[in-house]
Amino acid sequence: MLALGSCGEGGDQGCGGPFCVIPPGRPEASKLRPGPGNSQTGAPGRELREPLAVLVTDDDDRPVPDIQVNFTVDPASGTLSAPSVRSDHEGRAEVAWTLGPGLGPQSVVAVATGASGTPLDGSPLTLSAQGEWPPPARLVLEQAPSASVQNGSPLERQPVVRALDADGEPVPDVSVAAAILAGGGELRGTTVVSTDAAGRATYTDLAIVGVAGARALGFSVTEPPLETLSTAVEVRAGTSSQLVGNQPLVYEATVNSPVSPAPSVVVTDDAGNPVAGVMVTFAADLDASVSPTSVTTDERGIAQVTSWTVGRTAGVRYSLTARVESSGGTPVVFFADAKAGAAGKLQITVQPSGTARSGTPLDRQPVIRVVDQVGNPAPQAGVTITATLSSGPSGSLQSATATTNGSGRASFRGLTLSGLVGTYTLSFSAPSLEGVTSSPISLAAATASRLALVRQPSPAGRSRVPLSTQPAVELQDARGNPVAQAGVEVVAAIAGGGGTLGGGTRAVTGADGRAIFVDLSVTGPPGPRTLRFSSASPAAEVVSSPVTLPAVATVALVTAPSAPAVVGSTLANP
Numbered sequence: 002m003l004a005l006g007s008c009g010e011g012g013d014q015g016c017g018g019p020f021c022v023i024p025p026g027r028p029e030a031s032k033l034r035p036g037p038g039n040s041q042t043g044a045p046g047r048e049l050r051e052p053l054a055v056l057v058t059d060d061d062d063r064p065v066p067d068i069q070v071n072f073t074v075d076p077a078s079g080t081l082s083a084p085s086v087r088s089d090h091e092g093r094a095e096v097a098w099t100l101g102p103g104l105g106p107q108s109v110v111a112v113a114t115g116a117s118g119t120p121l122d123g124s125p126l127t128l129s130a131q132g133e134w135p136p137p138a139r140l141v142l143e144q145a146p147s148a149s150v151q152n153g154s155p156l157e158r159q160p161v162v163r164a165l166d167a168d169g170e171p172v173p174d175v176s177v178a179a180a181i182l183a184g185g186g187e188l189r190g191t192t193v194v195s196t197d198a199a200g201r202a203t204y205t206d207l208a209i210v211g212v213a214g215a216r217a218l219g220f221s222v223t224e225p226p227l228e229t230l231s232t233a234v235e236v237r238a239g240t241s242s243q244l245v246g247n248q249p250l251v252y253e254a255t256v257n258s259p260v261s262p263a264p265s266v267v268v269t270d271d272a273g274n275p276v277a278g279v280m281v282t283f284a285a286d287l288d289a290s291v292s293p294t295s296v297t298t299d300e301r302g303i304a305q306v307t308s309w310t311v312g313r314t315a316g317v318r319y320s321l322t323a324r325v326e327s328s329g330g331t332p333v334v335f336f337a338d339a340k341a342g343a344a345g346k347l348q349i350t351v352q353p354s355g356t357a358r359s360g361t362p363l364d365r366q367p368v369i370r371v372v373d374q375v376g377n378p379a380p381q382a383g384v385t386i387t388a389t390l391s392s393g394p395s396g397s398l399q400s401a402t403a404t405t406n407g408s409g410r411a412s413f414r415g416l417t418l419s420g421l422v423g424t425y426t427l428s429f430s431a432p433s434l435e436g437v438t439s440s441p442i443s444l445a446a447a448t449a450s451r452l453a454l455v456r457q458p459s460p461a462g463r464s465r466v467p468l469s470t471q472p473a474v475e476l477q478d479a480r481g482n483p484v485a486q487a488g489v490e491v492v493a494a495i496a497g498g499g500g501t502l503g504g505g506t507r508a509v510t511g512a513d514g515r516a517i518f519v520d521l522s523v524t525g526p527p528g529p530r531t532l533r534f535s536s537a538s539p540a541a542e543v544v545s546s547p548v549t550l551p552a553v554a555t556v557a558l559v560t561a562p563s564a565p566a567v568v569g570s571t572l573a574n575p
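For the sequence shown, our numbering begins at 2 and goes up steadily by one.
No wet-lab data here; the hints were simulated from the structure.
The structure displayed is predicted, hence computed values, not measured ones.
Positions of the beta carbon are idealized from the N, C-alpha and C atoms, including for glycine.
Warning: the hint list may mix true and false statements.
Stated by the list, open to error - Distance windows between CB atoms, simulated: (1) Ser546 / Ala263: 27 to 35 Å; (2) Ala183 / Glu51: 41 to 49 Å; (3) Arg237 / Pro262: 23 to 31 Å.
Said to hold, decoys possible - Calculated lysine to aspartate or glutamate pairs in the DMTMM-like style (CA-CA distance at most 20 Å, straight line): (4) Lys340 / Asp288; (5) Lys340 / Asp373; (6) Lys340 / Asp286; (7) Lys340 / Glu253.
Build out the structure end to end from the sequences listed, making use of the hints.
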């Protein structure tokens, strides 16, 4: 058997022979050197990615364990996870270093002594790091702008964009620029804002100027190139500023008869956009009448009366004044010169039905006759009598003419009133004869015959994400009157542009005749597409305005490969 001898505690006492092994002596700490984690770059106020380490060795660079290393740091250079650490079996003593709040160089001092209390070679040892904000890796729209805004007015809800680095941490002092990406017009206000300490760029006075319609806003930085999109912003007409009368402004009319066409005005803002929803009042003078006396402008900015009927006095110039009370602008005045009729007038012998359904012939058709000025029958054949709307919300007449027979009587056949539900009166007129007005007719909606989108889907959305504005479909009759009919199923599908429609694609009308969709989403490549909504009974469909899926911005982070390095050393370009 082979035996080996050894000497304890170093040296060669008591050991001899060819197989004597002399172990090395116990290492004594003599050096303090920088270890991994020195000269890092990190974000102010955040912990460095790698711990800060020093190495304790002897004169032969062998690691020395269990040596206390004291670390000190100036408050401006941050904080450490521990003030002192004992070296491990690799001679390493390391702490976590959270940098101070400032940019630029920061430092930590490490101190260690040997067994005799003498500072180790290299102690005190200064270690350094550079405080530097990392570049942003993505932009996040933290607060979307208002979904709609008046032309030229600041957004009620201003956007907030946040710049984040690759770790999802905020990046301050980044200039974020806002711009209109789609829809045209001008973006006013402070369009370039720098991020604050929390990485937020908060806009305060953005406003869109231009024609009414949808806009898409984008927010971007140039270095590195990044961009994010907002939800759509619908620009509405601004406040009313102009009231203009549509031609003709001067009429000639027979006494006690309506002028034709009925007077109308248009309301616009400073940019010429028609302003909807403005109340316009109409006032007739003397013994003339106008119906209705107040009209709200439609989506084209137009307010039109149903009728303006001049008075009974010939040779008088009647006037009709239109004004917008809320704006205080210049009113519009229409004129009508009244002329006398022939020696006669019209008289109703059979009144039309007091109730009717839109688009359905009146159950009781009116009968009109020609009489003299005191009401005596004046037989006159071949006189064409025309029925027009004298008052009522908005509507039209079909089969609205009849011709007198030999006894001077004209019987209407198939006279039909179509329009919005409400109360109407009819005027009957004939050339050179004084007209006459019917008793009131109460008009109800017809049966459902079409579908209408009372709420359009969002003009822009994200693939696979439910639309921010979900569509609502309403049953209507042929004239657009809402029909309150429950239980009609409405089916949604892609009409054009391709892609897949997700979510609940079927909705049933409630008691109000409306089918409300709640989670429709479009999946597909960027670009516009339209949605179709259809029902079997009534057999009808309606197609939405375009829903656009935007292009997705991509960001590539490229890091050059490191140069060759020694094992255990710090990479120059990790």
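Open item on the list: Could you work out which of the previously given hints the structure breaks and list their numbers from low to high?
Closed with: No numbers; nothing is violated.
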